[in-house]
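Chains as they are written, first to last, in the numbering used here: chain L, 1 to 100; chain G, 1 to 477.
By construction, these hints were calculated from the structure, which means they are not laboratory data.
Take the hints with a grain of salt, since some may be wrong.
[To be verified] For lysine to any residue, the following SDA-like pairs were computed, each having C-alpha atoms within a straight-line distance of at most 25 angstroms:
(1) Lys147(G) / Arg26(L)
(2) Lys147(G) / Ile29(L)
(3) Lys87(L) / Glu350(G)
(4) Lys428(G) / Val458(G)
(5) Lys147(G) / Ile75(L)
(6) Lys183(G) / Ile81(L)
(7) Lys33(G) / Glu97(L)
(8) Lys183(G) / Tyr52(L)
(9) Lys87(L) / Lys33(G)
(10) Lys147(G) / Val2(L)
(11) Lys87(L) / Ala92(G)
(12) Lys361(G) / Pro315(G)
(13) Lys33(G) / Leu22(G)
(14) Lys147(G) / Phe63(L)
(15) Lys147(G) / Thr89(L)
(16) Lys87(L) / Lys183(G)
(17) Lys87(L) / Ser348(G)
(18) Lys87(L) / Gly346(G)
(19) Lys87(L) / Ala199(G)
(20) Lys183(G) / Gln54(L)
(21) Lys87(L) / Val146(G)
(22) Lys183(G) / Glu97(L)
(23) Lys147(G) / Glu94(L)
(24) Lys147(G) / Ile81(L)
(25) Lys183(G) / Ala199(G)
(26) Lys87(L) / Asn97(G)
(27) Lys87(L) / Glu345(G)
(28) Lys147(G) / His51(L)
(29) Lys147(G) / Gln54(L)
(30) Lys147(G) / Leu53(L)
(31) Lys87(L) / Asn290(G)
(32) Lys183(G) / Leu53(L)
(33) Lys33(G) / Ile75(L)
(34) Lys147(G) / Phe84(L)
(35) Lys147(G) / Arg85(L)
Being a predicted model, the structure only gives us computed values, none of them experimental.
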Amino acid sequence: MVELQWYLYLSAAVFTIGVFGFLTRRNIIFMFISIELMLNGVNISLVSFSHYLQDPRGQILAFFVITVAAAEAAIGLAIIISVFRNKETVYVDEMTETKG
Amino acid sequence: MVEFPPLGPVMPEILMTGFALLILVLDLVIKRKETLAFLSVAAAAVVMYAVLGTSGVTFSGMFAADGYSMFFKLIFLLSLILSILISVKYIAIERVNYGEYYSLMLFSTLGMMIMASAGDLIVLYLGIELMALSTYVLAGFIRHAVKSNEAAVKYFLLGAFASALLLYGISLLYGLTGTTDIKGVAAYISDNGLAGNPALMLSVILFVVAFGFKIAAAPFHMWAPDVYEGAPTSITAFMSVGPKAAGFAAMGRVFLIAFASLQVQWAAILIPLAIVTMAVGNIIAISQTNIKRMLAYSSIAHAGYALMGVIAGTPEGLAGMMSYLLIYAFMNIGAFAIIIMLRSEGFSGENISDYEGLSKKHPVSAALMLIFMFSLTGIPPTAGFIGKFYVFMAAVNAGYTWLVVVAVIFSAISAFFYMRIVMYMYMKEPRREVELTTSPALGLALAISALGVLVIGVFPGRLLDLARIAITLGWGL
Numbered sequence: 001m002v003e004l005q006w007y008l009y010l011s012a013a014v015f016t017i018g019v020f021g022f023l024t025r026r027n028i029i030f031m032f033i034s035i036e037l038m039l040n041g042v043n044i045s046l047v048s049f050s051h052y053l054q055d056p057r058g059q060i061l062a063f064f065v066i067t068v069a070a071a072e073a074a075i076g077l078a079i080i081i082s083v084f085r086n087k088e089t090v091y092v093d094e095m096t097e098t099k100g
Numbered sequence: 001m002v003e004f005p006p007l008g009p010v011m012p013e014i015l016m017t018g019f020a021l022l023i024l025v026l027d028l029v030i031k032r033k034e035t036l037a038f039l040s041v042a043a044a045a046v047v048m049y050a051v052l053g054t055s056g057v058t059f060s061g062m063f064a065a066d067g068y069s070m071f072f073k074l075i076f077l078l079s080l081i082l083s084i085l086i087s088v089k090y091i092a093i094e095r096v097n098y099g100e101y102y103s104l105m106l107f108s109t110l111g112m113m114i115m116a117s118a119g120d121l122i123v124l125y126l127g128i129e130l131m132a133l134s135t136y137v138l139a140g141f142i143r144h145a146v147k148s149n150e151a152a153v154k155y156f157l158l159g160a161f162a163s164a165l166l167l168y169g170i171s172l173l174y175g176l177t178g179t180t181d182i183k184g185v186a187a188y189i190s191d192n193g194l195a196g197n198p199a200l201m202l203s204v205i206l207f208v209v210a211f212g213f214k215i216a217a218a219p220f221h222m223w224a225p226d227v228y229e230g231a232p233t234s235i236t237a238f239m240s241v242g243p244k245a246a247g248f249a250a251m252g253r254v255f256l257i258a259f260a261s262l263q264v265q266w267a268a269i270l271i272p273l274a275i276v277t278m279a280v281g282n283i284i285a286i287s288q289t290n291i292k293r294m295l296a297y298s299s300i301a302h303a304g305y306a307l308m309g310v311i312a313g314t315p316e317g318l319a320g321m322m323s324y325l326l327i328y329a330f331m332n333i334g335a336f337a338i339i340i341m342l343r344s345e346g347f348s349g350e351n352i353s354d355y356e357g358l359s360k361k362h363p364v365s366a367a368l369m370l371i372f373m374f375s376l377t378g379i380p381p382t383a384g385f386i387g388k389f390y391v392f393m394a395a396v397n398a399g400y401t402w403l404v405v406v407a408v409i410f411s412a413i414s415a416f417f418y419m420r421i422v423m424y425m426y427m428k429e430p431r432r433e434v435e436l437t438t439s440p441a442l443g444l445a446l447a448i449s450a451l452g453v454l455v456i457g458v459f460p461g462r463l464l465d466l467a468r469i470a471i472t473l474g475w476g477l
């Protein structure tokens with residue numbers, strides 16, 4: 001039996017890797033994947049809390065997170081494609097059309 | 001057998017979903033997109049009527065149609081109607097006259113309505129995502145313009161990042177308290193004396209950061225100027241009012257119910273946040289040359305003023321915050337309506353210098369812009385003054401006099417850049433001929449917002465009474 005805290009450490013580690021990736025990477029695709037890592041870090045902690053508390057809410061929320069992440073991926077990739085068509089870049093550093 | 005929960009309290013949301021889907025389908029058969037716009041306005045009006053007659057709690061407390069949420073839903077629907085009215089001609093000029101536009105706006109408003117009514121963090125999260133996902137698409141709606149694409153990318157990345165932070169906060173809170181019900185969380189925290197728990201504090205901080213992104217409070221505001229400038233102007237107007245108000249609605253519920261026993265702690269985080277927000281918004285706005293970007297910074301500053309209502313933490317403060325957001329909807333969408341008027345084929349009309357000498361050729365539009373600018377500054381007898389007055393009053397009564405002094409100083413600084421527009425319009429010679437694009441819908445939107453600004457400015461009593469009643473009737477229903 002693995003204790004709850006180890007799942008929480010794993011969840012915090014995955015989440016932190018996601019945050020770090022989001023803040024350091026400049027490629028939109030990588031930033032987007034970092035966000036997915038953050039969401040999955042949250043899912044790990046939700047499911048482990050749910051198991052620990054013997055309460056279904058955490059798992060329900062995890063399902064919702066997975067669903068919303070799918071919708072988010074669809075919309076995010078569509079946005080990335082539309083910017084790539086016009087600009088042929090996936091680096092946020094080069095998105096300097098609006099500056100003030 | 002489990003009894004099915006009553007659907008009465010969610011009727012406005014069900015209607016809204018139906019209408020949004022209906023518009024999406026009608027888009028296939030109706031070729032004139034203006035018709036869709038008017039159908040959407042009619043749909044919003046029907047939903048508004050339904051909202052007024054709805055109250056109660058359903059789905060075991062997950063969804064609460066109380067006075068608080070009713071007031072916010074009226075703000076959302078009002079801003080939806082005004083934004084649709086200013087869009088009709090504009091999206092044709094931008095050559096993005098598609099029916100999905102209206103459907104997405106309805107879905108986004110539906111998300112806000114769910115956020116305002118959320119009695120449970122799961123519902124809150126779903127509302128935020130429905131609102132945000134629709135708005136990401138709308139921000140990038142001018143597919144052929146690089147600016148609009150970039151706005152969508154920035155909004156999407158930072159919005160999704162903020163949602164992930166919010167989720168981590170929710171999961172910590174769930175682990176600590178064993179529930180996601182907002183009232184259940186509050187009860188657990190006060191019963192078990194969790195106030196000093198470090199994990200709980202981390203969760204509060206994550207909530208502050210996530211909501212900070214949603215309401216564009218500094219230092220989480222950096223997306224706002226770029227997104228507001230790049231997005232279609234009508235959507236900028238919509239985003240700067242609706243999602244912001246929805247963020248405040250959710251914030252009020254989470255901080256004043258779930259974290260009610262931690263008020264000292266979260267106020268200590270929110271006060272510096274409000275000061276930095278007002279400073280950044282008002283000071284950086286001075287150096288802007290693009291009016292949409294200037295209004296983006298102004299919108300950041302206004303989030304700072306409205307935050308003071310939450311910081312006060314009293315019913316009076318919340319009532320002030322709610323009336324402030326309603327007034328802000330009128331004056332901000334009004335100002336954006338004028339910006340849209342200046343936009344015509346081959347001319348963006350987004351530079352502040354385009355307003356030079358506007359009063360010579362177009363006295364009515366200049367006068368309306370003057371009213372909105374006065375109101376945004378907070379000069380009586382406009383509504384902007386009333387809004388600021390109530391929020392500041394509530395903060396003074398809650399013992400934050402020094403914070404109000406700071407806010408008033410920043411408010412005085414803001415006069416510089418709002419009055420600069422007025423000065424350009426009235427005291428400079430026109431540099432070039434500016435043709436205005438008008439339409440009956442735009443005129444109607446302008447009339448509604450100008451009337452709102454002036455009527456609330458002259459007869460403010462009713463509005464605050466309404467906000468107070470909304471809180472006392474519904475708070476903690």
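Structure-based check of each hint:
no.	hint	result
1	Lys147(G) / Arg26(L)	18 angstroms, holds
2	Lys147(G) / Ile29(L)	19 angstroms, holds
3	Lys87(L) / Glu350(G)	23 angstroms, holds
4	Lys428(G) / Val458(G)	30 angstroms, violated
5	Lys147(G) / Ile75(L)	18 angstroms, holds
6	Lys183(G) / Ile81(L)	43 angstroms, violated
7	Lys33(G) / Glu97(L)	30 angstroms, violated
8	Lys183(G) / Tyr52(L)	22 angstroms, holds
9	Lys87(L) / Lys33(G)	29 angstroms, violated
10	Lys147(G) / Val2(L)	50 angstroms, violated
11	Lys87(L) / Ala92(G)	24 angstroms, holds
12	Lys361(G) / Pro315(G)	47 angstroms, violated
13	Lys33(G) / Leu22(G)	14 angstroms, holds
14	Lys147(G) / Phe63(L)	35 angstroms, violated
15	Lys147(G) / Thr89(L)	14 angstroms, holds
16	Lys87(L) / Lys183(G)	48 angstroms, violated
17	Lys87(L) / Ser348(G)	21 angstroms, holds
18	Lys87(L) / Gly346(G)	21 angstroms, holds
19	Lys87(L) / Ala199(G)	43 angstroms, violated
20	Lys183(G) / Gln54(L)	20 angstroms, holds
21	Lys87(L) / Val146(G)	7 angstroms, holds
22	Lys183(G) / Glu97(L)	45 angstroms, violated
23	Lys147(G) / Glu94(L)	12 angstroms, holds
24	Lys147(G) / Ile81(L)	14 angstroms, holds
25	Lys183(G) / Ala199(G)	19 angstroms, holds
26	Lys87(L) / Asn97(G)	23 angstroms, holds
27	Lys87(L) / Glu345(G)	23 angstroms, holds
28	Lys147(G) / His51(L)	46 angstroms, violated
29	Lys147(G) / Gln54(L)	49 angstroms, violated
30	Lys147(G) / Leu53(L)	48 angstroms, violated
31	Lys87(L) / Asn290(G)	23 angstroms, holds
32	Lys183(G) / Leu53(L)	19 angstroms, holds
33	Lys33(G) / Ile75(L)	24 angstroms, holds
34	Lys147(G) / Phe84(L)	12 angstroms, holds
35	Lys147(G) / Arg85(L)	13 angstroms, holds
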